[in-house]
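Same order as they appear, the protein sequences are chains A and B.
When we follow UniProt numbering, the leftmost residue of the first sequence carries the number 1, and every step to the right adds one.
When we follow UniProt numbering, the leftmost residue of the second sequence carries the number 1, and every step to the right adds one.
Read the hints as simulated data drawn from the structure, not as lab findings.
Keep in mind the model is a prediction, meaning the values are calculated, not measured.
You can trust all of the hints, since none of them are fake.
Each computed DSS-like pair below joins lysine-lysine, with the alpha-carbon atoms no more than 25 angstroms apart:
| # | chain 1 | residue 1 | chain 2 | residue 2 |
| --- | --- | --- | --- | --- |
| 1 | A | K127 | A | K266 |
| 2 | B | K229 | A | K37 |
| 3 | A | K37 | A | K55 |
| 4 | B | K103 | A | K84 |
| 5 | B | K135 | A | K84 |
| 6 | B | K106 | B | K135 |
| 7 | B | K228 | A | K84 |
| 8 | A | K37 | B | K228 |
| 9 | B | K201 | A | K37 |
| 10 | A | K130 | A | K266 |
| 11 | A | K84 | B | K201 |
| 12 | A | K278 | A | K249 |
| 13 | A | K266 | A | K253 |
| 14 | A | K55 | B | K201 |
| 15 | A | K14 | A | K178 |
| 16 | A | K84 | B | K229 |
| 17 | A | K55 | B | K135 |
| 18 | A | K127 | A | K215 |
| 19 | A | K165 | A | K101 |
| 20 | B | K103 | A | K55 |
| 21 | A | K278 | A | K127 |
| 22 | A | K215 | A | K266 |
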Amino acid sequence: MSINHDQLIDMVDKIPTFQESVHRILALTTSPDCSAKDLVQVIEHDPILTIKVLKLVNSAYFGLSQEVTSVNHSVVYVGINTIKNVAISVATTGALPKTNKAGLNMNHFWSHSLAVGVIAKLLAENKGVKKNEQANYFVGGLLHDIGKVLFAHFIPTDYQHVLQKAEADGIPLHQAEKELLGFDHSEIGAMVAEKWQLPSELISSIRNHHLTEEKDQSSLSLAIYAANQAAHYLALMTQALLDENDTEKTLLKAAIIDNDLPQSVKDWLGWPLAEVSKWLSNLDEEIDKALAFIDLSDGE
Amino acid sequence: MMIINLRGVRGSIPVPGKDTVKYGGNTTCIEITTDEGDTIIIDGGSGIRQLGNELMQQLPVNCSIFITHTHWDHIQGLPFFIPLFVPGNNIDIYGSFDPVYMKDLKTILAQQMEYCYFPVRESELNANIRYNNLKEGEAIRIGSATVTPILINHPVLNFGYKIESNGKRFFFTGDYEPPLNIYQPEDEEYSEYQRLINQQKQILTDFIQGVDVVVADCQYTREEYPSKKGWGHGTHDGCIEIARDANVGALYFTHHDPMRTDQQLDEIYRDVMARGDLPPTRFYTAMEGLKIEL
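Make a model of the complete structure from these sequences and hints.
Shown next, in the form of structure tokens:
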């Protein structure tokens, strides 16, 4: 069942590039005199972006009384500024496959990814990371697991076995991936990030989010690692509250996660994961909102 | 009788002072009282403060506030709207969910009232406040009246509101700049885009066909407009065109540029009225405190 490096590269190649459109949209829109005509052209030349913009504008969130059928139509109808913002949001939230036959639950996937993004950004704030760099922490969290989506999409049957093995053996998914496929999702995720020409620190943070002995990790990598474990920890704490029969077992699992943090992450964090929940009171609300948006832009 | 009380007619920012006494310095707020005494308020610009004080004379206050869009000059008076603070008052707030920033009105108001901006938080408001997200074209019933939103062009999602009650019909454009063709006549897409614009204009014209009164954004004169394209505001000439196409009974020019003195507003009005070929619509300059009775 294991896959080779060429197959991995092949999967990465099939992922649509959205970076160029995004770069061009961002470049265009940094100018206050951004030409509406140029912006429409960039969107129209990217069919995926076009479809997503139209899907979002026609979604229940906008509540339009008539169907918008083209990018030009959407500009006339909801205005160039709105379309500019929609394009930026849509382009940056999803060039990933929408469905998979492997049984990877995409809602869980996104809610976990968002939780990690939100927590990573909060950690960054807490650690005094500059405001303009905090966005990288959110994006890093959001994208850290994208490799799972690629596996689920391109090798659904194999990945179904991986998911089943992780469940049956009670082991982390990345471990099951390594055992059955030979690679784990952090590796392919980092390759996609490279293809998208994301900043090198971001690529490393995706690649390293399960490594326990990496030396000289950047603050971003440490934050993504910590945020990922914090999200798992919080999910277990919630589960412990809901499921009275298994409370002790679940709490123990959570404690293990906290205990097993690599020393570098512990040092950077400065306090146990149990402390994280204290300043995350509106995490669920933030995640719900962002999740609704991502569902929409994925259009499924 | 439907009474339309103009509580604030300025755009952008309040401008008190000796040069703005006649037309007033408060930003957008319109109070509508229906035959049956229902109070409908459009926008919470600074003009809503005085309205709130007056409403407080008879408790409990029951009213519905419709927000066109959440730019400052349309919401800046809300934290100073006293009825929001008093238990027993019932206030419905309506507006668009912002799908770009994923924020509803409650979130926007809560952010506006964070401690760094204001000493009282949204969660400390004691009235019974209900937030309602509107959909374009979906009419809301308020007592004897219906309020129907239509999406109109501005740099953010922005509603115009039509209010109908017992055969009387009023329309407020909110902020509105008629859509512009983003292509040049020589571009291939020009005519298709123009078709879409014309279609859009027709939708608005049909929506307000024959209404009794329109209060419309005409922040700029036609001479000023070329340097203000895309800023989201209309001109007197654009409003006149709307009035003509939709057979509007009376139209009030509003969203006065904050730079205008009373004297300048009078001069502009005289210039505009001196134009030939005006439609039979009665035109006025919107004035704070003016009550229009229908």
